[in-house]
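A.B. asks: Protein chains in written order, with this note's numbering: chain H, 69 to 201; chain L, 20 to 408.
These are calculated hints, taken from the structure and not from any lab test.
In this text, a Cβ means the ideal position worked out from N, Cα and C, and glycines have one as well.
A portion of the hints provided could be inaccurate.
What the hints assert, rightly or not - Partial list, computed: chain H residues near chain L (C-beta under 8 Å):
(1) PRO73
(2) VAL76
(3) ARG103
(4) TYR107
(5) THR135
(6) VAL136
(7) GLY142
(8) PHE145
(9) TYR151
(10) LEU155
(11) SER175
(12) ILE178
(13) ARG181
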Amino acid sequence: MYEKPLPVIDPESQPYWDALKQHRLLLKRCRACQRCHHYPRELCPHCHSDDVEWSQAAGGGHIYSYTVARRPAGPSFKPDTPYVVALVELDEGVRMMTNIVTLDVESLRIGQRVAVQFDDVTPDVTLPKFRPA
Amino acid sequence: MKKREAVIVGVADVPLKDGRVAEPLSVLQVQARAARDALRDAGLSMRDVDGLLSTGMWGVPGPGQMPTLTLAEYFGIAPRFVDSTNIGGSAFEAFVAHAATAIETGRCEVALITYGSTQKSEKSRSLGGRPSVLTMQYETPWGMPTPVGGYAMAAMRHMHEYGTTSTHLAEIAVATRKWAQLNPAEMMRDPLSIEDVLGSPMISDPLHLLDSCLVTDGGGAIVMTTAENAKALGRTPVYVRGYGESNTHWTMVAMPDLTRLTAAEIAGREAFRMAGIGHDMIDVAQIYDSFTITVLLTLEALGFCKRGEGGAFVSGQRTAPGGAFPLNTSGGGLSCAHAGMLGIFLLIEAVRQLRGECGERQVQNARTALVHGTGGALSSGATCILSRS
Ligand SMILES: [Zn+2]
Numbered sequence: 069m070y071e072k073p074l075p076v077i078d079p080e081s082q083p084y085w086d087a088l089k090q091h092r093l094l095l096k097r098c099r100a101c102q103r104c105h106h107y108p109r110e111l112c113p114h115c116h117s118d119d120v121e122w123s124q125a126a127g128g129g130h131i132y133s134y135t136v137a138r139r140p141a142g143p144s145f146k147p148d149t150p151y152v153v154a155l156v157e158l159d160e161g162v163r164m165m166t167n168i169v170t171l172d173v174e175s176l177r178i179g180q181r182v183a184v185q186f187d188d189v190t191p192d193v194t195l196p197k198f199r200p201a
Numbered sequence: 020m021k022k023r024e025a026v027i028v029g030v031a032d033v034p035l036k037d038g039r040v041a042e043p044l045s046v047l048q049v050q051a052r053a054a055r056d057a058l059r060d061a062g063l064s065m066r067d068v069d070g071l072l073s074t075g076m077w078g079v080p081g082p083g084q085m086p087t088l089t090l091a092e093y094f095g096i097a098p099r100f101v102d103s104t105n106i107g108g109s110a111f112e113a114f115v116a117h118a119a120t121a122i123e124t125g126r127c128e129v130a131l132i133t134y135g136s137t138q139k140s141e142k143s144r145s146l147g148g149r150p151s152v153l154t155m156q157y158e159t160p161w162g163m164p165t166p167v168g169g170y171a172m173a174a175m176r177h178m179h180e181y182g183t184t185s186t187h188l189a190e191i192a193v194a195t196r197k198w199a200q201l202n203p204a205e206m207m208r209d210p211l212s213i214e215d216v217l218g219s220p221m222i223s224d225p226l227h228l229l230d231s232c233l234v235t236d237g238g239g240a241i242v243m244t245t246a247e248n249a250k251a252l253g254r255t256p257v258y259v260r261g262y263g264e265s266n267t268h269w270t271m272v273a274m275p276d277l278t279r280l281t282a283a284e285i286a287g288r289e290a291f292r293m294a295g296i297g298h299d300m301i302d303v304a305q306i307y308d309s310f311t312i313t314v315l316l317t318l319e320a321l322g323f324c325k326r327g328e329g330g331a332f333v334s335g336q337r338t339a340p341g342g343a344f345p346l347n348t349s350g351g352g353l354s355c356a357h358a359g360m361l362g363i364f365l366l367i368e369a370v371r372q373l374r375g376e377c378g379e380r381q382v383q384n385a386r387t388a389l390v391h392g393t394g395g396a397l398s399s400g401a402t403c404i405l406s407r408s
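With the hints as extra help, turn the sequences into a complete structure.
C.D. replies: Take a look at the structure:
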């Protein structure tokens, strides 16, 4: 039984989580300014255009910043401590909140290359996580 | 007609014992007592209040969802002006700005700002994330300890880009403790060394336990009116010379740059421009210290030093008693009280410094004070520049 918090999927996020179940990571891309954004929005946060479309991320990026959680975010994360929470900057130029999956939390560095991996935590939810590339 | 000028004319906070309100009180009682005492300090009474500004994290879901409705009802008043803007701990610096505008445009005559929390007594504080809905569904499932994790990632990035060290951050905690030792109302009065901070348990790398604020109860209130009314009441007014506010994000993915407080840059620039003074005119500063990194980033954002130079700025106990830059003279959130939202207590300390009421910790000839609140996850910033003349 998975006891950690799960996303409450809504009409806007449904395509994002559906794609993750198929192990595809989607971003929103703006046709007006050509920039991607994450999380997905109705209006481009860069130029405010409504001309945005889904596009698939290649899955590579680097660690923009991270922390090692020595104290958990609530009891359900306690067995995982210490674990790594990171902001990964994808090659498409967006940042995502994620975990870096590693047995050696001391070895990570900002700037390090990482690649997406898909963690099917429940039949309905797949969380994108990253591992050192 | 002479321009109406808004001033702070009364302040009060609720006495704490070991971080808890001295006797068991509800969060409404805490605010009622603070309001009563601040009004008494101003020479006014509740029936004079026609502006009410408050926010908090109490009574949710329930009466805290609309805190000014609940408080006006509880106090027995029908205010003409209310504001319950919730931008986190900086809300109270924004309230002073909003109340000043309301008073100066005649929307109200006497504004009461209140805050209360009984989080320590209720043991309600945890590091758990926010409900995983809407924007938070892209953050909460990965287990970032909240709020420390976001501050930790900002610190990590600042260290990476600028070579800031844990020792730099510890300088802030140590200096703040020295101020706390001069404050009789103080919870943490034991001496603290840089080694003590670095040796305290790591909570969320690179932030240690002693890089983090205390979790306490607390209640405070501020009364504002016109300079003319203050004079008629025979009270010493504290003038509101400049203010500004902004906010950029709440989830960490949307923070524009983790090494810089964009909101504080905007707020500070606006406040200094309005006050028409330079940084060298600030005699004492009260800067939100939820974590040591919050202070360092804010000093840079407000322009007290260049970007990346916050570590050098705070070195050598510059912000301690006797140092060149008196900062967080009550002992701040790190060593005095952090009742969920610290912003009101920073303002109360600034007013007491400007009125010369601070005893052993009094900054000599404190004429101008800067107060800066930070809320959310380094999300919002609000600055007030106050002066005694
Ligand atoms: Zn765009």
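A.B. asks: If a hint holds in the structure, say so; if it does not, say that too.
C.D. replies: Now for the hints, and whether the structure bears them out:
{"no.": "1", "hint": "PRO73", "result": "holds (4 Å)"}
{"no.": "2", "hint": "VAL76", "result": "holds (4 Å)"}
{"no.": "3", "hint": "ARG103", "result": "violated (14 Å)"}
{"no.": "4", "hint": "TYR107", "result": "holds (4 Å)"}
{"no.": "5", "hint": "THR135", "result": "holds (4 Å)"}
{"no.": "6", "hint": "VAL136", "result": "holds (4 Å)"}
{"no.": "7", "hint": "GLY142", "result": "holds (3 Å)"}
{"no.": "8", "hint": "PHE145", "result": "holds (4 Å)"}
{"no.": "9", "hint": "TYR151", "result": "holds (7 Å)"}
{"no.": "10", "hint": "LEU155", "result": "holds (6 Å)"}
{"no.": "11", "hint": "SER175", "result": "violated (13 Å)"}
{"no.": "12", "hint": "ILE178", "result": "holds (4 Å)"}
{"no.": "13", "hint": "ARG181", "result": "violated (15 Å)"}
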